[in-house]
Amino acid sequence: MRPAIFILLFSLLQPVLGETQRAEQLYTSQGCAACHQINQPVDPNKVMVGPPLAAVGSRYADDPKGLETILTSLRQGGGGKWGQNEMPPQSHLTKEHSGQLARWIFTLRQEDGAGDNNKATQDPPKTVTHSPLIGEKRLGTVVQVTDTPLVYRTYLPGVSARAIAVGLPAKMGGISYAFSAAGCRLLYVWRGGFLDMEKAWTGHGGWYAGIIGERFYHAPAGFPLRIGNAFDREENPQLEFKGYRLVEGQPRFLYEVDGRPVSQEMRYDASSKTLTLHFTTSNITEPIRFLVPSDRQTGYASKDAERHPGHLLVHPDKNSRFSIQVPIQIRLQP
Amino acid sequence: MSRMFPSLTAVFLSALLSSPLTQANPSYRVENVAVPEGVVMEVSGMDYSADGVLYLCTRRGDVWTQKDGQWRRFAQGLHEPMGLCIGSKGQVFVSQRPEITQLIDEDGDGVADLYQTITDGFSMIASFHQYTYGLVQDAKGDLWGTLSGTGKTRPDGRPAGAKAFALEPYRMWSFKVSPKGEFVPWSSGLRSANGIGMNLEGGLFAADNQGEWVGTSMLHHLEQGDFHGHPEALRWDDRFKGKGDPAKLPIEQLEKIRKMPAVFLPHGELSNSPGAPVCDTTAGKFGPFAGQLFIGDVVHPVVMRIALEKVNGEYQGACFPFIKGGSQGEGLKAGINRLVFAPDNSLLIGSVGEGNWNRGRPGTGLQRVVYSGEVPFEIHHIELQKNGFKLHFTKALDADQMLSSDQVALSSYHYAYHAAYGSPKMELKTIAVSGVERSADGKSVTLDVAELEAGKIYQFSLKGIADRSGKALRNASAYYTLNELIK
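Going down the list, the sequences are from chains A and B.
Everything in the first sequence is counted per our numbering, starting at 1 for the first residue and increasing by one.
Everything in the second sequence is counted per our numbering, starting at 1 for the first residue and increasing by one.
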């Protein structure tokens, strides 16, 4: 142990009147309570966000480096000691507060009957295969697509709070994608799985869903459609999300562009690795353009539109229904 | 949709198996209600359609229907919906985190095909603590709900603190959604008012949850422009917009504009985390409490009862325990989030599951409370008098029994209005009862109290009160919130 840490620990061990009460207040005010109970039996059949703090104290009770371990976990984050969740570094804590909390946690002990049986949480979760009615498989909190598409609204990494995850069965291409309801557009595509809802569903809930698999396509920034000749490439038109209709299980997204109703569907063909966006509009006589990023021009294709630098111009007689093929390159893992 | 999902035309055949849990209460019995096997059913919204179909949404984003014991999934993949109501034309509305949505079954196969955005006219960040609570519809077709405060969140969605903020419009406000989908912010200062209810007069009520600026949980009457107490919300009030951090306003200034709650729900005794209030619309078929409000608690298995009166034009009144859980209780199994009266006049109870929502207790799903027809002996309501209180009972008191002021323990206190999380009881003191008088019909008792003070909670604890058959009061405690003295 380096002297600096030794001195720090030594100073931490000095008793201070009322520190327990202060630490309990910190436990609430600094957000610990969002993930940790103070004293609660560890239930092997239940997913926990973080371990009860009394279980942490009990585990390190006889460990001469116990206090240091707890302090390090608070400062630098922790993981792998208790179930699958990682604790982020609690960098919002001052040195004084993290010391108070660490020392308090170190003194906590589990009540009778609440033994450290955490090892049981390493057991694989029980498979809950729902009735065929459900159309999905939930392995613990992992949601898998079976033979019908899934549409889940949840927080997704890299999407606005108004996010929609879509998972397609193998016969429909087997990919998953993220759609932003705020931006009315596709954001990215992944494959290899759908979602882990653990942090969205368990504990307090409401965290981001985890994406299972590998993201292999990110759409260019910005909303791609422009209506009329006076268009601005950089500025999105006025967009209003209106919901979605399930068509053979896949979502047809409904939104308004400058007050004009537009619907959009996406289809993926796994054999040709082609993603096609299908748009429908009504009563639009002005030109409709689909913007194409200058560095990716070549891959875009449409038999309903004419290629121009920076955009595809929809043929006027195709305004009410047109399709755009989007180039997707899948980088295979070496 | 049925073409793609032939299996969806099947139905769950789990019968509505109800098993009585206890006969301890001869007036009300609690029964378990079977739910589909293997489904985590954390109930977050419930309502019945006119033709008696139960619609129920869950925190995991499913909407289920149930009729005649047959369950089927009506919708899925919603973002933690926290309210559901059936509109006057049979529309299914849900309040999910990002929006108010109407679920439409276009082809009539019993499964929604169209998830139509009614409004998303409020801001969102991806915070764990951004709930869109709801949902009721009034006679004009307007929908009503509340938006919780935001919890500070790290970039990956993890909570970064327990305090609530309103950095985006219109967090911490109640709102109205017109039939055309117009979002109208209504009243402000609600920290986390989990759900909304309407009484027989059309008054809107929501119960805020104890926390910063909320000394104890409290039931608010929501009227346009009201400020209910959490100053963060004032960022979006025209009077304070752009004028800095409203949480730093002097408390005296906030107190002047704050509307007091209709009823305080004492923390730790009655409620730690109330859910949505529901009005007894059974006109007596659920017992003698027609028009009163019932409300569950997400942390403790308890159903409370609230009897309001209007004094000087403002709602105030009393809350009482109604049905309790726990080993000494009456069979409630878990924390309660939502309540709804069923077509058979039983009270359906929706519980939420694991996690902070009910401190790790198991027991998601449904129970119900069934009235036996035997009138319970309870304090029906408390009516403020010029010089005291009049306690109205559901039954006449034993006519031969002597009544004395020793049988009434009365105390008063208030909760601090401050930025800290919660409050102890402040200025708790015993209040002398100088006279006790029974009415001629024996159904009410007037208590003379020398000094009544506005801004206090009066806590009653009665003992030795029996009805004519010698039965004791079922629940002998009551809490009256006195905001207004009779002028």
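Because the hints were derived from the structure by calculation, they are not lab data.
Predicted, not measured: the structure shown is a model, and the values here were computed from it.
Just so you know, not all the hints are guaranteed correct.
Stated by the list, open to error - Here are the simulated DSS-like pairs of lysine-lysine, each with C-alpha atoms no more than 30 Å apart in a straight line:
| no. | chain 1 | residue 1 | chain 2 | residue 2 |
| --- | --- | --- | --- | --- |
| 1 | B | K333 | A | K137 |
| 2 | A | K95 | B | K248 |
| 3 | A | K137 | B | K67 |
| 4 | B | K67 | A | K95 |
| 5 | B | K89 | B | K152 |
| 6 | A | K65 | A | K95 |
Unchecked claim - Over 12 Å on every C-beta distance to chain A, these chain B residues come out as not near it, computed from the model:
| no. | residue |
| --- | --- |
| 7 | Q130 |
| 8 | A139 |
| 9 | S405 |
| 10 | H414 |
Note that CB positions come from ideal geometry on N, CA and C, so glycine has one too.
Okay, the hints, checked on the actual structure:
no., hint, result
1, K333/B - K137/A, "holds, 28 Å"
2, K95/A - K248/B, "holds, 27 Å"
3, K137/A - K67/B, "holds, 25 Å"
4, K67/B - K95/A, "violated, 58 Å"
5, K89/B - K152/B, "violated, 39 Å"
6, K65/A - K95/A, "holds, 18 Å"
7, Q130, "violated, 7 Å"
8, A139, "holds, 26 Å"
9, S405, "holds, 39 Å"
10, H414, "holds, 23 Å"
Checked against the numbered hints given earlier, this structure breaks hints 4, 5 and 7; the rest are met.
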